[in-house]
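Visitor: Take a look at the letters that make up each chain.
Protein chains: 2
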Amino acid sequence: MQAKFKRIPGAIVAPKGFQAAGVFCDIKRLGTGKGSHKGAKRDLALLVSDKPCAVAGMFTTNQICAAPVKVCLDRVARGAAQAVVINSGNANACTGKQGLEDAKTMTRLTEQVLRLKAGYALVGSTGRIGVALPMKQVKAGIQAAAKELGATEDHAARAAEAIMTSDSRPKQVAIEFALGGRRVRLGGMCKGAGMIQPGMSGTGRRPAAQPQGLHATMLAFITTDVVIESKLLQSALQEAVANSFNRITVDGDMSTNDTVLVLANGRAGNTSFQSGSRDSRIFGAALQYVCLELAKMIVRDGEGVHRVVTVRVTRAKSLADADTAARSVANSALVKTSWHGGDPNWGRIIDALGYSAATVVENKVDIGYSAPGSRQIVWSLKRGQPTSATYRTLCAAVEPLEFDLHIRLNLGVGSAVMYAADLTEQYVDFNKGDVTDPSTLGG
Amino acid sequence: MQAKFKRIPGAIVAPKGFQAAGVFCDIKRLGTGKGSHKGAKRDLALLVSDKPCAVAGMFTTNQICAAPVKVCLDRVARGAAQAVVINSGNANACTGKQGLEDAKTMTRLTEQVLRLKAGYALVGSTGRIGVALPMKQVKAGIQAAAKELGATEDHAARAAEAIMTSDSRPKQVAIEFALGGRRVRLGGMCKGAGMIQPGMSGTGRRPAAQPQGLHATMLAFITTDVVIESKLLQSALQEAVANSFNRITVDGDMSTNDTVLVLANGRAGNTSFQSGSRDSRIFGAALQYVCLELAKMIVRDGEGVHRVVTVRVTRAKSLADADTAARSVANSALVKTSWHGGDPNWGRIIDALGYSAATVVENKVDIGYSAPGSRQIVWSLKRGQPTSATYRTLCAAVEPLEFDLHIRLNLGVGSAVMYAADLTEQYVDFNKGDVTDPSTLGG
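So the sequences go chain by chain: A and B.
All residue numbers for the first sequence refer to the working numbering, where the first residue is 1 and numbers rise by one.
All residue numbers for the second sequence refer to the working numbering, where the first residue is 1 and numbers rise by one.
Derived by calculation from the structure, the hints in this document are not laboratory data.
Since the structure is predicted, the reported quantities are computational estimates derived from the model, not experimental observations.
From the three backbone atoms N, C-alpha and C, an ideal C-beta is built for every residue, glycine too.
Errors might be hidden in some of the hints.
Claimed, not checked - Calculated cross-link-like contacts (lysine-lysine; reagent style DSS-like; alpha-carbon spacing at most 27 Å): (1) Lys-317/A / Lys-70/B; (2) Lys-364/A / Lys-104/B; (3) Lys-382/B / Lys-70/A; (4) Lys-147/A / Lys-51/A; (5) Lys-51/A / Lys-16/A; (6) Lys-41/B / Lys-147/B; (7) Lys-97/B / Lys-117/B; (8) Lys-104/A / Lys-364/B; (9) Lys-70/A / Lys-317/B; (10) Lys-97/B / Lys-317/A; (11) Lys-70/B / Lys-97/A; (12) Lys-382/A / Lys-70/B.
Unchecked claim - Not close to chain B: a few residues of chain A, all C-beta gaps over 10 Å, as computed: (13) Ala-93; (14) Leu-109; (15) Arg-182; (16) Gln-238.
Next comes chain A alone, as it looks inside the complex (with noise of 0.2 Å):
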């Protein structure tokens, strides 16, 4: 179901019931003993509601995972809680069982503060990997934001804020419709920039006849007010994430942290409603909407990135086809440097289709562009062989920032998207970082 939504301010504070805080604790210590970050960013953030919620997340599955997905595996098994705690500038990831004991300690403080029943709060970490988290300064932390709770669009901006690790800008939205006899809202905050190509499942398994994804962490937090079973939200979240989160990609690293979460207060009374009903497809397609709109801000704010790219294989043999021949445009280095170059170069592109585990047949192969979401393409390639398109036509539609990649194997019906990013300077710049600061150092 595609549909349009209306969007409206206040993130995930727009639903009723929800309060959000970020404050700065200084966690980014990397074990020095000496706060080591410059400009005190916010760095801990706390979201509550004020009834317990139904609950569902989404896991890595790396299988290398930080203690925080650990702990909410568990949590959210159970389908009840009400609060998350996160912070950024460490994932608690390699961090062994002080790590366990550390994200427990997180949650444990945060329902006490907020007085909340044990096991209702959640907890979500990014940041380096393999270093053990400041747990004084992240106690007062929790201390400071839990004073700090609000409802205005402000105290959802800074909890926003407060998730950021590379990031350049807070990602947030929210919308408001209809449902089951009420107007119901969903808010959203999401956190990406580097090791992003998430592959998250319910269990943090992979399942097995599944397309695997790569990663890097994002850490996205949904609430809404409507009245939904938890089974129901798992499962409206589980296809949510399969059409936006999991079909992203910034530089193909999974992380080990990635994860979504969703709580649902039933707050706007709508009439509940069941699985395959009409308003579990309104729900279904609100909440797809909070994802993907969430996932392309991730890709848009990509460390270093300049061109966004909408891959979208078509007519491959089958589904598994048409994401792998996808994944392998979108993650390859030759293909992504043309991007940032604005170079229209099919011959890299098709290459990267040839060494997929795709079948291609070579002679079979359409490849053309368009503009976000236009119809009106521009092919370079039809069945293998260049169209009379001019050099300068095609540097023309790969010069804007955002373009859509068509690809037609001609083999089948199987088809999939990935929102991709370019390879630029600045990405590996930021990325090797300077080992004389390792404050400068990402996960």
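Based on these hints, arrange chain B on the given structure of chain A.
Guide: Same frame as chain A, but now just chain B:
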């Protein structure tokens, strides 16, 4: 069999009976009708034996494969050849029926001008994809090269220069060793630079049970005066390539043109040998030595490469797992940028292991560094936990321009090596090209 072989000068003309030439004939015209190549670098090479040779070949497994690959696949299967004609500046890939005709015309002209039997010339091409070869220039080039043939070091060097594209220097090697009662010789030249992660097979088809490689155009031409049957030569080459060219990656992109050819003219007069014999093992080790020396030159001279890293995965659950894990690390954008920055970032390494399809268990992973080939390993991670090695010590371990990265998965006995490179701003800058000057746009 690990062995040292005596290096000698002369490269591809070191073995008895071979002649070579390299000329400039202005191939990189990109269909502009104007010669656009500045500096008049040589762009056409000839290699010929004074008698027919046993022949073996390994070719890209990219489903989109170039016309010269198709021609060679047919001819190598017949088991005899006497010459090779190679051009740079144009890959003759995705050029349809005309491209196939052009590749055949190149071999026919070579056969005519050198007075060889029909079907005894092979052909290789490298350069931009999707542009028709300027056959007038190519024909003139073949005529000119035939007149320049000779057996001195300079002749070999001119041929090695003529096959270069973005390579900064020619890549050559020759060795001499005792075999079957004689001194015998092997010589080789190759080119690489970008679109490099070969995954070649003898049929151009992917062996179902073999790990899939990815790639750049690499071409390698090897000569020998050894007496050997084509079938045995092919099996020796298959094993040598599996342990050399198929284990390198610069950017993870597999080319449409990757080709390794070996010509054996039998002029050394050694006693012939059978598969499984001691001489067969000696020849196999010598061929592998030549292939590995050439393969490493390709990585060291990869586009924008500053640091070369040998990724050694051991104790994986299986051989396939070891290969998968090594490739995941060797092709991770974040790992490669950290190598560029001299950052001993084990977090990115374990992340890339975790999202690979190989089985990885966090608290079993060891990660360390050593000088090339050394067993003096500085461990940064043992059983998933940071060691007491200081950050300064680890930085020093990844500071040299070449080092080994040791990854022990501690789950079995599978092992694999990948010869990899860092990702630099220069790689991006080079490959984004300059659309206002199409002659800068690579394959």
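Visitor: Are the hints correct? Go through all of them and say.
Guide: To see whether the hints hold, each was checked on the structure:
1. Among the hinted pairs, Lys-317/A with Lys-70/B is consistent with the structure: their alpha-carbon atoms are about 24 Å apart, no more than 27 Å.
2. In summary, the hint linking Lys-364/A to Lys-104/B is supported, as the alpha carbons are separated by about 23 Å, within the 27 Å threshold.
3. Distance check on the hinted pair: Lys-382/B and Lys-70/A sit about 22 Å apart at the alpha-carbon level, within 27 Å; holds.
4. With a CA separation close to 18 Å, the supplied pair Lys-147/A and Lys-51/A stays within the 27 Å bound.
5. Between the alpha carbons of Lys-51/A and Lys-16/A the distance comes to roughly 11 Å, so the proposed pair stays at or under 27 Å and holds.
6. Restraint check: the Cα-Cα separation between Lys-41/B and Lys-147/B comes to about 18 Å, which is no more than 27 Å; the hinted pair holds.
7. For the hint linking Lys-97/B to Lys-117/B, the alpha-carbon distance of about 24 Å falls within 27 Å, and the restraint holds.
8. A distance of roughly 23 Å separates the Cα atoms of Lys-104/A and Lys-364/B; the hinted pair therefore holds under the 27 Å criterion.
9. For the hint pairing Lys-70/A with Lys-317/B, the CA-to-CA distance comes to about 24 Å; that is within 27 Å, so the pair holds.
10. Taking the CA atoms of Lys-97/B and Lys-317/A, the gap is about 25 Å. The hint holds against a cut of 27 Å.
11. For the proposed pair Lys-70/B and Lys-97/A, the alpha carbon gap of about 56 Å is over 27 Å, so the pair is violated.
12. Using a Cα cut-off of 27 Å, the hinted pair Lys-382/A and Lys-70/B holds, with the two alpha carbons roughly 22 Å apart.
13. A cut-off of 10 Å between C-beta atoms contradicts the statement that Ala-93/A is not in contact with chain B; the least separation is 7 Å.
14. No beta-carbon of chain B is positioned within 10 Å of the beta-carbon of Leu-109/A; the least distance is around 25 Å.
15. No beta-carbon of chain B comes within 10 Å of the beta-carbon of Arg-182/A; the shortest separation is about 41 Å.
16. Annotated as non-interface, Gln-238/A keeps its C-beta farther than 10 Å from every C-beta of chain B; the closest such distance is 19 Å.
Going through the hint list in order, the structure does not satisfy hints 11, 13.
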